[in-house]
Amino acid sequence: MSDRTLVQPVAILIVALVVVLGGTFVVSLAAGPTATGTPDGANIDGQSPAQYQPAAAGVDVDPEDGELAIEDAPEGGEIVIDIRRSADTTADDLQPITEAMFEAGYSVTVLDDGDDIGNQSFGEVLEGTAGLLIVQPAAEYPDGERDTIRAYVRTGGHAVVAGEPTQTRVGGGLFATVAQVPFGATDLVESYGVTVGAETLYNVDDGANDNNFKSIYATPSRGGVLTEGVDRITFDRSARIITNDDNATPHYTAVEGTKTIDTRRADTYPVVVRSDSVVVVGDGSFLSQPELYDADNEAFTSNLVEFLLRGDPGGRFQ
Amino acid sequence: MVYERLVQHVAMADSRWPISETRAAYVVVVTVVLVVAAVAAPLVWSAGSTASEANPTVEVVTLRGATSDANVNAVANTLRDARTNDSVAAVVLRIDSSGGPVAPSEELYLAVNRTAAEMPVVAYVEGAAASGGYYGIAPADAIYVKPSSTVGSIGVIVQAPLSAVEQAEQVGGTYVRSGPDKAQVDQDRIREDLERLQRAFLGTVMRHRGDQLTLSRETVANGRTYLGTQAVQNGFADRIGDVEAAIEAAADRSERIEGDEYDVVYATQQVQVSLTLQADAVGEIDGNAVYLVESDVENGEFVKPVQYYAVWGVPAEATTRGNASDRSQGGDAGE
Chain A
105 MSDRTLVQPV AILIVALVVV LGGTFVVSLA AGPTATGTPD GANIDGQSPA
155 QYQPAAAGVD VDPEDGELAI EDAPEGGEIV IDIRRSADTT ADDLQPITEA
205 MFEAGYSVTV LDDGDDIGNQ SFGEVLEGTA GLLIVQPAAE YPDGERDTIR
255 AYVRTGGHAV VAGEPTQTRV GGGLFATVAQ VPFGATDLVE SYGVTVGAET
305 LYNVDDGAND NNFKSIYATP SRGGVLTEGV DRITFDRSAR IITNDDNATP
355 HYTAVEGTKT IDTRRADTYP VVVRSDSVVV VGDGSFLSQP ELYDADNEAF
405 TSNLVEFLLR GDPGGRFQ
Chain B
48 MVYERLVQHV AMADSRWPIS ETRAAYVVVV TVVLVVAAVA APLVWSAGST
98 ASEANPTVEV VTLRGATSDA NVNAVANTLR DARTNDSVAA VVLRIDSSGG
148 PVAPSEELYL AVNRTAAEMP VVAYVEGAAA SGGYYGIAPA DAIYVKPSST
198 VGSIGVIVQA PLSAVEQAEQ VGGTYVRSGP DKAQVDQDRI REDLERLQRA
248 FLGTVMRHRG DQLTLSRETV ANGRTYLGTQ AVQNGFADRI GDVEAAIEAA
298 ADRSERIEGD EYDVVYATQQ VQVSLTLQAD AVGEIDGNAV YLVESDVENG
348 EFVKPVQYYA VWGVPAEATT RGNASDRSQG GDAGE
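Going down the list, the protein sequences come from chains A and B.
Mind the numbering: the first sequence is residues 105 to 422 in our numbering, read in order.
Mind the numbering: the second sequence is residues 48 to 382 in our numbering, read in order.
Calculated directly from the structure, the hints in this document are not laboratory data.
Where a beta carbon is used, it is the ideal one built from N, C-alpha and C, also for glycine.
There's no promise every hint is true.
[To be verified] Label pairs and their computed distance ranges (CB to CB):
1. B:Arg-286 - A:Pro-200: 54 to 60 Å
2. B:Arg-111 - A:Asp-335: 48 to 54 Å
3. B:Glu-302 - A:Val-123: 23 to 29 Å
4. A:Phe-206 - B:Asp-228: 27 to 33 Å
5. B:Thr-261 - A:Ala-191: 38 to 44 Å
6. A:Gln-284 - B:Gln-354: 27 to 33 Å
7. A:Glu-360 - B:Asp-307: 51 to 57 Å
8. A:Thr-367 - B:Lys-351: 48 to 54 Å
[To be verified] Here are the simulated lysine to any residue pairs, SDA-like style, with alpha carbons at most 25 Å apart:
9. B:Lys-229 - A:Asp-335
10. B:Lys-229 - A:Leu-396
11. B:Lys-229 - A:Phe-206
12. B:Lys-229 - A:Val-165
13. A:Lys-318 - A:Thr-194
14. A:Lys-318 - B:Glu-308
15. A:Lys-318 - B:Val-353
16. A:Lys-318 - B:Arg-243
17. B:Lys-351 - A:Thr-194
18. B:Lys-229 - A:Asp-197
19. A:Lys-318 - B:Asp-240
20. B:Lys-229 - A:Ser-225
21. B:Lys-229 - A:Glu-360
22. A:Lys-318 - B:Tyr-355
23. B:Lys-351 - A:Asn-316
24. A:Lys-318 - B:Gly-270
Bound conformation, chain A alone (with noise of 0.2 Å):
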């Protein structure tokens, strides 16, 4: 074998070589790194962070183990609720407290709509009644039963009016309409020195609210059949109640940081208000699921009623 047989291919084979490494080289610089870096494994800090733990993301929820119970009333009473003009409880809503009542040997009428009277005026309906419970009245009653009922307020007879903020109905439809929806007995309960408020309440510290800023929390402030019993109620849309007579005296008030929702002024708002024989109470949502066994909402309910039932049913008003 002679020289040049040996080197050439030698030669080649080292320029071949050279060639395809040094060319690879200069591929590999112009094409840039490739995705091969770090291993993206296990040991992630911060992947299950504490916000996100149950301790602090867990929520307190009211038990709902109280007992809405009639006990403390004379015997055999009768009272009348009116929601006639309710934006949205109907008799169904109020089962719980007119089985309540029944089982309590009591009676109770609901005047769900016009038809309920029949032939009968509103005050012969309130007639030999002890109580009178109107629930979220959206629009403002007519002259003559707003007559019978501060005449049967005079004559003995006791009326709670569970009333709520202004509130935005959408009604439905392709061309919905959007409404405000005030308190609609605000002539009746001002000849009490009470009005309610237009602003919803609402808090959001998370251990002054039910879990949620608008059902806020609201503690006695005195002593009475209407607190009887009760540590804390819990009101889903509450208005507040202002007063200017001085026998208007707060029941409960609002617990603090509670604020009003359009102009923020925060303030331990009175919610429930009681002049003599009639209450106001600044929500009606309470009386009815899923809020009537929230807190101490049903002791405070069954509060309401006993107070109803020891009006006195002999008043001759009419």
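Mind docking chain B on chain A? Use the hints.
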């Protein structure tokens, strides 16, 4: 020696295969070249790749649109690629999002949070980073905004048709259920779940931005939005600037970048699916691929009753009503 033996072997075979010594040598050369190239080329390639990292990069990842499953999945994949790419030294998250469902918003947060644990992440709010959008950028090392940028809206919305809540009990009577809470929608439970999601969201913002925020936890929980200038004042954002400023800030925060010795890469992979139009048709999301299937909603017996959103906006139903009214009025005028 091996070479000579090979040549001798080929020469001995000349009687059967007429090939010269020279040609035999070339055959050997070519064979050796191929073998060596196959073995050594990957090693050389790797060396070249490493050598090319002389300039680390700041990668700009963009999210424009809702924090939907598809969009968040695309961004999360891009961030994952950035984390596994040794050349990427920092990330700028360019965002214009008013949020979306809570679940993918949380996914976005976790993806950004993990990335921020490994390299500097600077957020640039191109338009809005509100609600679920802000959820995602909360772990960023810095947040850059323009005066017109919108941030905030910390809160959760639940979409539960009133009819579903009211009729759940009645409808439940036509089915046999295994328990009293099965297939039921309860207002109290919805509220509690909403509060849990809200606390996780609010806790996230306070954890990552608590030191910068001049607002109380309760004020943040109000859910208000803030424009850029105000956001810089109250701590929702850090600086006024554009995307270039955000890139520079990200580079400054990287220990691997010295001065302006870095490149900028704009990640391009984006998938956007309109939730309102096609969400029902999304059958599977795998990486950046979204598989659409024919909707069987019309034939379905069950629908998801509750949707939780971390979104800045008003219900589309309200705007639809307005549009319907506008269209009607416009049509009348046209006629």
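How the hints compare with the structure:
no., hint, in the structure
1, B:Arg-286 - A:Pro-200: 54 to 60 Å, "holds (58 Å)"
2, B:Arg-111 - A:Asp-335: 48 to 54 Å, "holds (52 Å)"
3, B:Glu-302 - A:Val-123: 23 to 29 Å, "violated (39 Å)"
4, A:Phe-206 - B:Asp-228: 27 to 33 Å, "holds (29 Å)"
5, B:Thr-261 - A:Ala-191: 38 to 44 Å, "holds (41 Å)"
6, A:Gln-284 - B:Gln-354: 27 to 33 Å, "holds (28 Å)"
7, A:Glu-360 - B:Asp-307: 51 to 57 Å, "holds (55 Å)"
8, A:Thr-367 - B:Lys-351: 48 to 54 Å, "violated (39 Å)"
9, B:Lys-229 - A:Asp-335, "violated (33 Å)"
10, B:Lys-229 - A:Leu-396, "holds (22 Å)"
11, B:Lys-229 - A:Phe-206, "violated (32 Å)"
12, B:Lys-229 - A:Val-165, "holds (20 Å)"
13, A:Lys-318 - A:Thr-194, "holds (22 Å)"
14, A:Lys-318 - B:Glu-308, "violated (55 Å)"
15, A:Lys-318 - B:Val-353, "holds (20 Å)"
16, A:Lys-318 - B:Arg-243, "holds (16 Å)"
17, B:Lys-351 - A:Thr-194, "violated (28 Å)"
18, B:Lys-229 - A:Asp-197, "holds (23 Å)"
19, A:Lys-318 - B:Asp-240, "holds (16 Å)"
20, B:Lys-229 - A:Ser-225, "violated (47 Å)"
21, B:Lys-229 - A:Glu-360, "violated (38 Å)"
22, A:Lys-318 - B:Tyr-355, "holds (18 Å)"
23, B:Lys-351 - A:Asn-316, "holds (23 Å)"
24, A:Lys-318 - B:Gly-270, "holds (14 Å)"
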